[in-house]
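Let the hints inform the model, and build the full structure from the sequences given.
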Amino acid sequence: MGSLEIESPGMYVKVSMDGAPYLRKIDLKIYKGYPELLKALMAMFKFTIGQYSESEGYNGSEYVPTYEDKDGDWMLVGDYETYTVLYQSYRMFISSCKRLRIMKGSEAKGLALGSESKIVAI
Numbered sequence: 001m002g003s004l005e006i007e008s009p010g011m012y013v014k015v016s017m018d019g020a021p022y023l024r025k026i027d028l029k030i031y032k033g034y035p036e037l038l039k040a041l042m043a044m045f046k047f048t049i050g051q052y053s054e055s056e057g058y059n060g061s062e063y064v065p066t067y068e069d070k071d072g073d074w075m076l077v078g079d080y081e082t083y084t085v086l087y088q089s090y091r092m093f094i095s096s097c098k099r100l101r102i103m104k105g106s107e108a109k110g111l112a113l114g115s116e117s118k119i120v121a122i
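If you read the sequence shown in UniProt numbering, its first letter stands for residue 1, the second for the next number, and so on.
None of these hints come from the bench; they were simulated from the model.
Be aware that one or more of the hints could be misleading.
Claimed, not checked - Restricting the straight-line Cα-Cα distance to at most 30 Å, the calculated cross-link-like pairs of lysine-lysine (DSSO-like) are:
#1 Lys104 <-> Lys32
#2 Lys98 <-> Lys39
#3 Lys32 <-> Lys14
#4 Lys70 <-> Lys32
#5 Lys70 <-> Lys39
#6 Lys25 <-> Lys98
#7 Lys70 <-> Lys29
#8 Lys32 <-> Lys98
#9 Lys39 <-> Lys29
Claimed, not checked - Ranges between beta-carbon positions, derived for each pair:
#10 Asp27 <-> Ser89: 17 to 25 Å
#11 Gly10 <-> Ser106: 28 to 36 Å
#12 Ser16 <-> Glu36: 31 to 39 Å
#13 Ser95 <-> Pro35: 12 to 20 Å
Cβ coordinates follow ideal geometry from the N, Cα and C atoms, glycine included.
Below is the structure:
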C-alpha cells in the first residue's frame, strides 16, 4: 500500500493596498518563503519596494508590505534578500498573520521609527 498524505487546509488572509479599490485573498501556504510571497504581492498589485534598512525603513519606496499579527500589532516585513529565511520562520509567520496590507511608504516609515515593540522587521 502507498502512503496516505493528508494536505492541511490553506492559510487564507486578506490583502489590501492603500489606494486600491479592491481586496484580494491569498493562501500563504502555497509560497515557499518570504521572497516568493513578496514577488507574488508585487505582481498582484503592480508595485515595487526599495531596500530595507533598520535605520531608515524602506528608503525610497512608495509602498511597503506590512502584516497584522494575532495580537493586533502591525509589523513591517523586512528585507528578504539579506536574511537567511528558514522554513520554520515562514511557518511561524503564516500561523500568526491575520492579514496583509501594502501600506504607503510614508506611513510605514513613521511606524518603523516608533515603538520597536509594535513594529518588527522580519
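Compare the distance between the alpha carbons of lysine 70 and lysine 32 with 30 Å, and conclude whether the hinted pair is satisfied. OK: lysine 70 and lysine 32 at ~21 Å, within 30 Å.
Regarding the pair lysine 70 and lysine 29, is the alpha-carbon distance no greater than 30 Å? holds, 17 Å
Tell me if the straight-line CA distance from lysine 98 to lysine 39 falls inside 30 Å. holds, 20 Å
Taking the CB of glycine 10 and the CB of serine 106, does the distance hold inside 28 to 36 Å? Given a distance of about 33 Å, which is inside 28 to 36 Å, the answer is holds.
Starting from the range 12 to 20 Å, see whether the pair serine 95 and proline 35 falls in it by beta-carbon distance. holds, 19 Å
If I claimed the Cβ atoms of aspartate 27 and serine 89 lie 17 to 25 Å apart, would that claim hold in this structure? holds, 18 Å
Assess, step by step, whether the Cα of lysine 25 is no farther than 30 Å from the Cα of lysine 98, and give holds or violated. Holds, because 11 Å separates the two Cα atoms, which is no more than 30 Å.
Within 30 Å, alpha carbon to alpha carbon, are lysine 32 and lysine 98? With a Cα-Cα distance of about 18 Å, the restraint between lysine 32 and lysine 98 holds, given a limit of 30 Å.
Does lysine 39 lie within 30 Å of lysine 70 when you go C-alpha to C-alpha? holds, 24 Å
If you draw a straight line from the CA of lysine 32 to the CA of lysine 14, is it 30 Å or shorter? holds, 18 Å
For lysine 39 and lysine 29, compute the direct alpha-carbon distance and say whether it is at most 30 Å. holds, 15 Å
Given a hinted range of 31 to 39 Å, is it respected by the beta-carbon distance of serine 16 and glutamate 36? violated, 20 Å
In summary, the one numbered hint that this structure violates is 12.
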